[in-house]
Every structure is written in C-alpha cells, then in structure tokens.
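Participant: Chain order of the listed sequences is C and U.
Per the numbering used here, the first sequence runs over residues 6 to 537.
Per the numbering used here, the second sequence runs over residues 6 to 537.
If you're looking for bench data, these hints aren't it; they were derived computationally from the structure.
A hint or two may mislead.
Said to hold, decoys possible - In silico BS3-like links for lysine-lysine, alpha-carbon gap of 25 angstroms or less:
| id | chain 1 | residue 1 | chain 2 | residue 2 |
| --- | --- | --- | --- | --- |
| 1 | U | LYS305 | C | LYS137 |
| 2 | U | LYS262 | U | LYS305 |
| 3 | U | LYS516 | U | LYS431 |
| 4 | U | LYS174 | C | LYS94 |
| 5 | C | LYS305 | C | LYS262 |
| 6 | U | LYS94 | C | LYS174 |
| 7 | U | LYS516 | U | LYS447 |
| 8 | C | LYS262 | C | LYS304 |
To be verified - Chain U stretches covered by chain C per the calculated footprint, using a threshold of three residues with CB under 8 angstroms from any CB of chain C:
| id | stretch |
| --- | --- |
| 9 | 63-69 |
| 10 | 135-146 |
| 11 | 163-176 |
| 12 | 369-379 |
| 13 | 389-402 |
| 14 | 425-433 |
| 15 | 447-457 |
Beta carbons are placed, not taken as given, at the ideal position from N, Cα and C, and that holds for glycine.
Protein chains: 2
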Amino acid sequence: MRRFAVEKAKKLVSGALLSSRSCPSSPFCSSSPATVAAAAAAATATMAPTTSFPVTMESINPKVLKCEYAVRGEIVAHAQRLQQELQTKPGSHPFDEILYCNIGNPQSLGQLPVTFFREVLSLCDHPSLLDKSETHALFSSDAIARAWQIMDVIPGRATGAYSHSQGVKGLRDAIAEGIAVRDGFPANAEDIFLTDGASPAVHMMMQLLISCEKDGILCPIPQYPLYSASIALHGGSLVPYYLDEATGWGLETAELKKQLEEARSRGITVRALVVINPGNPTGQVLAEENQREVVEFCKKEGLVLLADEVYQENIYVDNKKFNSFKKIARSMGYGDEDLSLVSFQSVSKGYYGECGKRGGYMEITGFSPDVRDQIYKVASVNLCSNISGQILASLVMNPPKVGDESYESYMAERDGILSSLARRAKALEDAFNSLEGVTCNKAEGAMYLFPCLCLPQKAIEVAKAVNTPPDAFYARRLLEATGIVVVPGSGFGQVPGTWHFRCTILPQEDKIPAIISRLKAFHEAFMEEFRD
Amino acid sequence: MRRFAVEKAKKLVSGALLSSRSCPSSPFCSSSPATVAAAAAAATATMAPTTSFPVTMESINPKVLKCEYAVRGEIVAHAQRLQQELQTKPGSHPFDEILYCNIGNPQSLGQLPVTFFREVLSLCDHPSLLDKSETHALFSSDAIARAWQIMDVIPGRATGAYSHSQGVKGLRDAIAEGIAVRDGFPANAEDIFLTDGASPAVHMMMQLLISCEKDGILCPIPQYPLYSASIALHGGSLVPYYLDEATGWGLETAELKKQLEEARSRGITVRALVVINPGNPTGQVLAEENQREVVEFCKKEGLVLLADEVYQENIYVDNKKFNSFKKIARSMGYGDEDLSLVSFQSVSKGYYGECGKRGGYMEITGFSPDVRDQIYKVASVNLCSNISGQILASLVMNPPKVGDESYESYMAERDGILSSLARRAKALEDAFNSLEGVTCNKAEGAMYLFPCLCLPQKAIEVAKAVNTPPDAFYARRLLEATGIVVVPGSGFGQVPGTWHFRCTILPQEDKIPAIISRLKAFHEAFMEEFRD
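Chain C extracted, bound-state conformation (with noise of 0.2 angstroms):
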C-alpha cells in the first residue's frame, strides 16, 4: 500500500485520473494495458522474487492498484511503526507518545463518549435489564424510557436480527423527524438508508452513478480521499474543482462551470457533484448564498449533489451556521422533482464523534422510484446496518429535550466539547499562521486545519531527490522529530505547486501547549537546515 501514496499524489494532482479520453479497448479488463502494466511496475519494484502465490499484483483488480486513501497511508504506517520501536525500546526516539493528527478520530484521543447515548445503547444490547429495579441506580431515568421507545419500534424487540435493509423503519421516522426540526421542511422515512458509518453510503452512490471511465464525478480539491477512493475503485473519473485558498476555501461557480465545460469536451459525462459543508480538510463553511448557486448549478445542469454533511455540528464561529443542502433547496421552492439529493450523515462526527460505532445515513432525494428500487437492492444484498449504529443514529437526530432528566449534563457534555473544539481550533490556527512560511485559513467548522507550506527550494529539491512530495517530505521529517501525525496536502490534491498537510484539532486540550512548542520547534529548525 505504501508506495502508492507517491504515485497516487502525483496523479491526483496533475489531472492523471482524467487523462484516459475513451474507455478502454482492450478485450481483457476495464483498464487500459498500458496503465496497469505501468501500475504492475511501480508495485513491483520493490517487490520480493516472486512466489507461488496464485494471486498477484499484475493479476489482481487494477482499480484496486489505482485507489488510494492517504489518511490511513504510508505516514501512517510509519507512525505506527515508531510506536512500536518507543514501545520495545523506550527513548528511542525524541518524543515519548505518538499523537494521531491524521484522522477524525476524536474517542482515540481521550474525547469521552456522551453519556446518554451510551447508557441507551447498554439498554438496548441487554434488554433484559429495562426490567429490573436495580437498573434504576444505574441508568438514568430518560435513557431507560428511550430504550423502551426503541425497543418498541424493533419488531419482535430483537436488537439482534436484520432489520429492514433501509434500516428500522421506527429509527428512520425519528431521523426524519430530526432532519424536519432542524431544516424545517418535511423529512420521509422512506428517503432514509442507514448505514455503517457514511463512507458505505458514499460507495453505493458511485457504484449507482459509475459505469466507466466516461462517467465523472466533480468533486472539490482539496476534497477528503474517501472520495478519490471511491471513484477509483468503480473506476469512474474524478473531476476536480478548486477550492479558493485565498477567499478562505472558497467554492466559486465559475470555477464549477469551467471544471465540467472542460470534462464534457473530453467526453466525460459529469453525473455528480460533491460539496463537503462543512469542509474537510478545508474546514470552511458555505454561506447560504453560495448554496443557492450550486443548487441551481446542479439542477440546471442535471447533476446529482452529494452534499457531505457529517460535519453538520462542528461550527466554531459565530458569523456562519450550517444549512443543510436540503433546507437550502426547499427554501428555494425546489422540490422532489427539481433535484436529485443525497445528504450524507454519521455518528462519528459531531459532538459526539462515535467513530467506533459505524452508524450513519444517507438521506436521497429526488430520485424516480426504479432509480431508488435499485438502490434498495443493492443496499439488500448487505442486508442492513449495525442496529446499535441505527440506535445511535436515531439519538444524534433526537437528543435529549428540555425538561428530561438527563437534559442539563447532556447539554454540559455537548457544549463542553464543542467549545472546546473551537478553543483549539483557534490555539492551532493562530500557532500556523506564526510559523514562517505557512498560512493557515480559519477553521470554520470540521475538524481540520489545512495550513499551506511555502517550503524553502532546498527542501523541495531534497524531497524530490529522494522521490517524495515535499509535502510528504516535511510530515515525515515532523513525524520522525515530534511524533505528531498530519496527513500530507498532496493525499488531498492542491494546487499544483502549493503545499500544505492536514492536521486534525483534536488533541486534548490540555496537550495543545505542548504540542505547539513542538511544532514550533521543529518547523524553525527544518527552516534553517533547508534555508536557500
């Protein structure tokens, strides 16, 4: 996996994806020979004689050689490795832990899971808890009555079959009621898929709208590779739209128009547009203005629009609040009919960052029934999502009310994280923006800084020498001094020539002083080693 990331970087950003103008001729595969003996190779070169195996690179899925998901990549990889050296041998290496800045993941870093939530989901994994008095010393008194609402809505209560392959149709009605409090527009069960955490409904929509190579999906640069990923593995062509860097990421329908002008004259049909709102790893949030412009954009231009909303309550700033794409065309007067919709939600975002749980949904709108008949097969053929993941995702879309028991330390524990979140953010943006050579737009909202690098010349001609993006270069060589773990920006794609990497704002807050001495002390000394 590891030296892909190289490859794939250099790719992503200089239009390599999209080079390919007709779908491939070749009797034997779906890729062209050329590209998958040029992929054989690369994988090869570092490869050990070759063995008996019956499987080999050359002979497996070249969609599978293509794709590629720097977040969980070689910097990582790396990580884990010196993990396990400070582990066997403590005080080999400059720092004592290592700290995951690389992802999402805000549970891994000491964020504690939200209290009510998990006292409903013990409820539901042991139901026959709800009936013992002793239970009532234990859990508190709403979360006890949510579970019997939950367990209600469960055929048979059992928690333990295949629901409906949509989800628990009770759970969808509490989602949609959810999404119809916070929009203030109707929101229909039927529209709603539960899934493991979102990245599965994100591939059942590629797999739906990807034929072939022909077909591209207008996605944004920087965008967050599950979606480079996804679009390899069903081997579509991504079509990247940029991201105004000095407008504070901003998404400019000029930009959009000009991206799929230029894909239709290579003959692409642009099926899909991705927004991710709030950004990731850009963490900006759009104006409602902007959202009005791509959702005429999109129904003029008869695109379906994946609106990535996962990170729907992670606003830090005062001046911007989060619209739902859906809100957004309702209130525009657009209805079923006058654009095709998918919202995509998980429980591992949020205040409440359940990573761990796999829940999620996609809301889909606007699609004809025989359309949405064979998103019902294809979501059968899994049978149905994790049901602790479907409760989960119910509660997240239904919290605690005013007046219930547990409704004052739900709201302490939700808005200590999230004031919390936003403290860092700033403590870490302002820290960037102190370093020389790097600017760093404000997080908005996500959780994610993406700062830009203007390296010294020298550093880019070492990195080059050894093969690597500078950008790669700089996160190893932070890695290797401070143990810290950001995701290169050319996993991401960029502006060809910028460079930046992603650094999540999740470290506990206590550590951030720490952590930014680190940073600092790092970046003035790789300054001055590199200095031209």
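Got chain C sorted already, so can you dock chain U onto it with the hints?
Facilitator: Coordinates of chain U only, in the frame set by chain C:
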C-alpha cells in the same frame, strides 16, 4: 428491483451470465451496448412516463441492474405488502401473520440472544458501569471480567474510536486463539480482517479478484445469492458447478474440473472457488475426504479457495462434524505458501444468530505481502468495522469456559438452541418428504431445507403463461394461502428443469406443527388444482 428477479433467475440457470465470450469493446461502458440496451428495455417495460430526474434506469451502472438478491427479492416485497394489509385490514387474508422463512434471521422469529454475550456488549457500551458496585447485581462476574479484559486491549479503552482497519489487535488475538483451539493448528492475528458481517468480506475479495468479465469465480449451484450478486456488481463471470442432489448435494471434483475446463475453453480466467460448508441453501456438511479433494484441486489449479464457513456451529447430525478448510489443508501438510485460502465467519449464524450486530471476519492465508497490503488498503477506505461486532466476534470464538460463572447457563442456552434447531430441521424435512411430488435432502447443518418440487405440467404452464418461474409461482401461492415466505430455487440456481424452494428451519418449535399443517393443506390443494 422486482422485475429483474425473473430475468436473472433465467440467466443464472441458463448460464447467460457467462455468454459474453470477450470483454466489451465499447468505448463507453464495461457492458456491451446490446446488454445494456436489453437490460434498460426490460427495466423500462413497466416504467411510468419519463420524468425529469437526471438519474435514469438507462444511465445507471448496468452492473447494478444485473445484480439480483432473491433472499430479499420480489416474494419478500410481496410479503411485506400483505403484512401491511393484515395490519390495516385484519382478516383480509386467510392467515394471521406472515412467517418469514426466507432468511436466516433467528432472532426475528423469537430466538433469544445468548445472555453472556449481551452482558459483555452492554458493559463495553457503557464502560463506566464497570466502576460501580451496583453493576454486580445485574451482571455475571465473568461478564464483568471479560469486559475488563476487552477494555484493556482497546487502545485508550475507547470503544467509540475507529480501530485498526483490520480490527482491534487484541480482539484479533482472541479470535486467532479461538481458531487455533478449534483447528489444532496455529492462527495469526495478522491474517484476520474483522468486517461488518461476512458480506463485506466477500465483496472485498471479489473486488480484489475480479477485473472484468473474463475473470471467473467457480460457485456452487445452488448458491447463496450474495455470491452471484457480488460477482455481478464487480463485473465478473459466475462459473457454476452443480452440487449433486441425488447424493445429498455432493460436491464432485470431476464436476469442478469439467466446469473449470469448459470456462477456460471460453477464455475465462478462473480466479477462485467458492465452497459453502455447511451448505447454503443445501444444508450438507462436507466429509473430510471431500474437503481434501477440494484443497488438492485448488492447489493444482492455482485457485483461491473462498470458504464460506459461517455455519460452522450449525451441525445437526452425529455422523458429521465441521472441519475448517484451513485445518484440512494444514493436516495435509500444506502451509501458507501452498494454498491461498480465505475463511469467512459471521456472528449472524451459529447458535448465537446475532444478525443485527454485523460482526464477522475473514482469515486470509497464502497471499503475498504486497497483495495483503492491497487488501488492507481497501479495508482502510472504510476505516473499520463496528466495534460491538468486533467484540462479539471475539466472544463467539472464545465463549465461557468450564469454571466460569456463566458456563453452565451459557451451555444450557447454546445446547437448547442447537438441539431445538436439529429437531425443527428433522420435523420440516419429514413434512416435506411426506408431500406428493416433493423430495427433500436432510439438513445436516446450516439453517435451511431446499426441497425439490415435482410440479404438475399444468402448474408449469400456468406459471409460464404469467412469465414466472414455476417455483416462484408456487412460492407466491404458498405465501398468499398460508403467510409462509420461502425463496424460490430460481434465486439460488438449480439444474434446468428442476424446481425448488429454500425454507429456513427457524420458526419457533411450538409453531412448527401448525406450520406443517398449513404447508400440507396448501400443497394438497395446489396439486389438486393443477393435477394433469
């Protein structure tokens, strides 16, 4: 989704899935234009007038159109409609309830979860319970101890964090230990990939092995339609090998050889052999000698052996026992480099039947490190499987031991479920064999019977006149007369001209006599109605 069931059933038995002799040369799409046009025409035959939705049946991925999953197909959709009618208009049908015998979903039909497993899950979901004295009044001491052990192997005790993409290392260690105890041969945590049920693991392997229609996968006929669906979604060719109904669904290596050669003569590169043991839908348990032949065959022909072993705990006869293919291979002296083997296991089956938890794993042996890196990379794109499912997978592979507080109650629950399943299997088998024109092999294992229907010619003609396979016609009539939902054999594949259905053995034992009475009455009336 419904209108494809019939088409697909026809294709599966006629081998039309394999009829393309070369990969498509269309520059636009990985399916030939003719196929797509035909599929689209079939799809639109009953469509409403064209709408303005940008996504149409003509524009979606034709592999999605081709895919079919009968277990939640047309007959189940019809059953759900009847269930709604029963709720809104009680007495509107000649039965009071719908009995879902279409799917191996034990807890949906009243099977209770194993207490120890649920105690541990409940504690892990709300770990602060572990610190409270009241907890000892509600949970067994070994469940508390086990939850502590699990907490100790989860980094930071964070059950809400993404884990390693193969699953928590300590849980994989526990599973490897369970496999080693089961087989008497060592197992390695590095070989284990935890997944949300077994289905995503099957998809992952198909994605790896299939590049285009020229890549074939040998599958039993009848087969569990996850395989045909997954092969269709990934664009490969299902190469059928027929199980011999006359010898209790015998797996003959001569048949494997014949089908392999036939496929090769058509230019198909056969990549892997799927074996489902115990069989689904067929219920046979392979003899050790037979398994050795299969191992030898895969080794000689350079095929990956994909061993679906999810029913490993479900054995109902004294003269058979489950042997994993890994144990068989190792006992033949074959090590990692001699055979590429993937074993699939799930928490959904066995005596535990925890379908809704979506836990499972695959154990991968005999793959080169670079190919394993590719499998890891694909797993990492979806980050990890759900942690509750991971914990449960570790529990079913390491249940309570002699001396543990829960051991006796655990064994009583386990044996109660398994012995009841054995009685239900026998009762239903005998009932089917007592019906005119019906023969049914024994369910030695798994959760299904797959009786053969010798239907009157008149019934076959009436079915054909309404463009329905005769077994689907029978299943629909059975549903409408009795409320019993079975899956037509055409959804699994069968020897052309023969007709079957799959019926689970899962209805609660006290309901079995009434079910048998309803079945008999229906069958007699059906045979009378269509007597030649």
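Participant: If a hint holds in the structure, say so; if it doesn't, say that too.
Facilitator: Evaluated hints:
1. U:LYS305 - C:LYS137: violated, 60 angstroms
2. U:LYS262 - U:LYS305: Cα-Cα ~11 angstroms, so holds.
3. U:LYS516 - U:LYS431: The hint holds at about 14 angstroms.
4. U:LYS174 - C:LYS94: holds, 20 angstroms
5. C:LYS305 - C:LYS262: holds, 11 angstroms
6. U:LYS94 - C:LYS174: Holds, because 20 angstroms separates the two Cα atoms, which is no more than 25 angstroms.
7. U:LYS516 - U:LYS447: The hint holds at about 20 angstroms.
8. C:LYS262 - C:LYS304: holds, 13 angstroms
9. 63-69: Three-residue rule met by the stretch 63-69 of chain U, so holds; n is 6.
10. 135-146: holds (count 5)
11. 163-176: holds (count 7)
12. 369-379: holds (count 8)
13. 389-402: holds (count 6)
14. 425-433: It is violated, with 0 qualifying residues against the three required.
15. 447-457: As far as the stretch 447-457 of chain U goes, the hint is violated, because 0 residues have Cβ atoms under 8 angstroms from chain C.
Checked against the numbered hints above, the structure violates hints 1, 14, 15; every other hint is satisfied.
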